Each structure stands twice: as C-alpha cells, then as structure tokens.
Amino acid sequence: GADAPAPKAPEVVVMAVRAAPTRLSLDIVGEIKALREVDLRARVTGNLIDIKFKPGQEVKEGDLLFVIDPGPYQAALATAQAGLAQAKAALFQVQQDVARYKPLLPDNAIPRQVYDQTVAQMEQQKAVVASQKASVDRAKLDLDYTRVLSPLNGRIGLQNVEIGTLVSSGQTSLATVSTLDPVAVYFSVSENDYLGYIRRKALHEAGHTGSGSDVVELVLADGAAYPEKGRIDYMDPTVNPTTGTLTLRAIFPNPDYMLKAGMNSRVRVYYDELAAAILVPQKAVTETLGKTFVTVVSADNKAELRPVKLGPRMGEQWLVESGLADGETIVVEGVQKARSGMTVTPVPAGLPENR
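6 is the number of the first residue of the sequence shown in the numbering used here; add one for each residue after it.
Simulated from the structure, these hints should not be mistaken for lab results. Quantities reported herein were computed from a predicted structural model and do not represent experimental measurements. Every residue gets a Cβ at the ideal spot worked out from N, C-alpha and C, and that includes glycine.
Distance windows between CB atoms, simulated:
no., residue 1, residue 2, range
1, 258, 227, 16 to 26 Å
2, 173, 266, 22 to 32 Å
3, 176, 107, 53 to 63 Å
Work out the full structure: start from the sequences and follow the hints.
Written out as structure tokens, the structure is:
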C-alpha cells in the first residue's frame, strides 16, 4: 500500500532575538505624598467668625483662610497702647527733672542724693517704657493671629471647625494645607537590590561621567508612564532591621496636579545601561528543576531546548545574560509543541497562524 503521509510539523510562533542597547531598571511600589503638609492651628483663643475658602480649593501663601473674633484683641491692644503712652509721659517728666537738676550740682544748689534718686527713677521709667512697648508688640501679634493665613502655595482640605466654634490657642486644628507641585514618592528597596543598584551605578558612572542615574520614572496604577521624570533626593541613612529595607524618596514635578497623595504607583529606577542586551518575553522561558530554557529554532526548522542564564526581569521580559546570540530565532508561543530535535513550522510573531 501507499506510505502514510508524514505527520505535519507543528506550527509555533517565533521571533528573532535582537541585541539592542537597554537600560536596566527595578520597579518598586511607591507611595505618593505631599512634599509639605501643614496642620493649621489657632494661635490665639477666640470665637471663629469667618471661613474664607471652599474645601479643596487652591490657595496661595498669605491668603486669608480663617478669621477669629478680633474684638478682645483690639481692646487689649488699645489698653497696651494707653499704658505705653502713660509710661512715655512719666519718662519725659523725670528726664526733664534730671536735665533741670544737673546744672545745679556744681553750686550745691541741690543735694547730690536728690539728683541720684531722680536719675535712678529715670532708668526705672525707661525699663517701664520698654516693658510697655513689648506689651504693645505682643498685643499687635495676637491681633494679627486672629487672621489665619496660608503658610504655603497648595491645596486646602476640609475645615475641621465651623463658624461660631470657640478655638483654643495651639490646641484646635483648623484645616490642612498641602503642596501640590512637586510631590514626593517614597519607596523601599531590599538590601540586595540596594547593593546591586549601588554597585552597578558605580560601574556605570565610572564609564559614563555625569550619568543621570538618580533620575527615576513613575508608572501609574493603569500601567501608563507618568510623563515627568523624577529625581531621588533622599535615602534613609540606615536599613530598617525589621523589614531589611531602605527607604528612598524621589521628587516629581506635578504641574497639572495629576498626582494625588495616596495614589498607587510604581517607581522605575534605572541603574545600568547595556550596549547589547538580549530580551525575551517571559512566556518564551520554561523552567525545569531550577534551570531555565528557551526553545531555539535552527535554519532547517529544528527545535532545540537551550539552557539560558537569566538576568533581571524587565517588565514583561527577561534579560538573557548568556545562552542566546543576536539573530537567533526562538519560540514564543507553542513551546509545549516543540520538543527538542523535532521539526517545526515557524510562524513569525504578528502573522496569523493556520490552525
């Protein structure tokens, strides 16, 4: 009889690997916070008589936000000013006496003791004037404090008090003002990642002067890259002994106020550049007994299970440190159909398969 037809070689989706310049990065969960956040507190005690903002609105440094009843403080200032005027008048009187008595001393027309007592009274009265001046300054300051101003440019949250509330000096929190631009993103790296980052960064900088390796990127919750770059500006001086991690802070410009405190994000830290790196999709890699393999397809369409040494993961890809060469073809879909040594029908990735 006729020979049975040879079994059709299984179709697999393949891609040619290319060595290309690649920047190595780590993705780390980050926490977005306001760079500055101020808890506004009353600095004088009194009834709140006015609120000058809407919650959530933008405020500028110096904007009037709250008004505490100024009446008692205006009265206290008037009293202090009257006391100062009285003290100045008394000082003027005693200064006149000293000026009048002094020329009489050489002729003994006035006892020395009377003159000395008058000079002592004058010095005492100068101290009274200084004390009354300080009282006026304090009263002016208290009156100023009845107008609560924004300490920075930013956004104000909900007020914690309503009009008519008695607020206490230093005790009552009125509202919180936070800066919007720039923002801080805090993230923690493991000791190993930190050491790897520092070593690679040092090697990288030895070969590239003026590298921007403190520049970081932000990946938002929906996977989109944030358009502005950030810069690491702070690193904890010690490793947290409980978690074995080190906290870093990056500052990101936020001109459109897109980033909000508390948003989920990932910080992408670049720590090295490779002139010719080979990256393969995660799905192209198989693992057996702790070893990693890719399936290479030769020019005559033979499959070969090839052991490879993987470097760090880069998003959805692995960096291959050894085992693959530029231009080789690997299986990216249908790995389970292509056993080592068998003939396969390669379909370039992106073309429809004939299933």
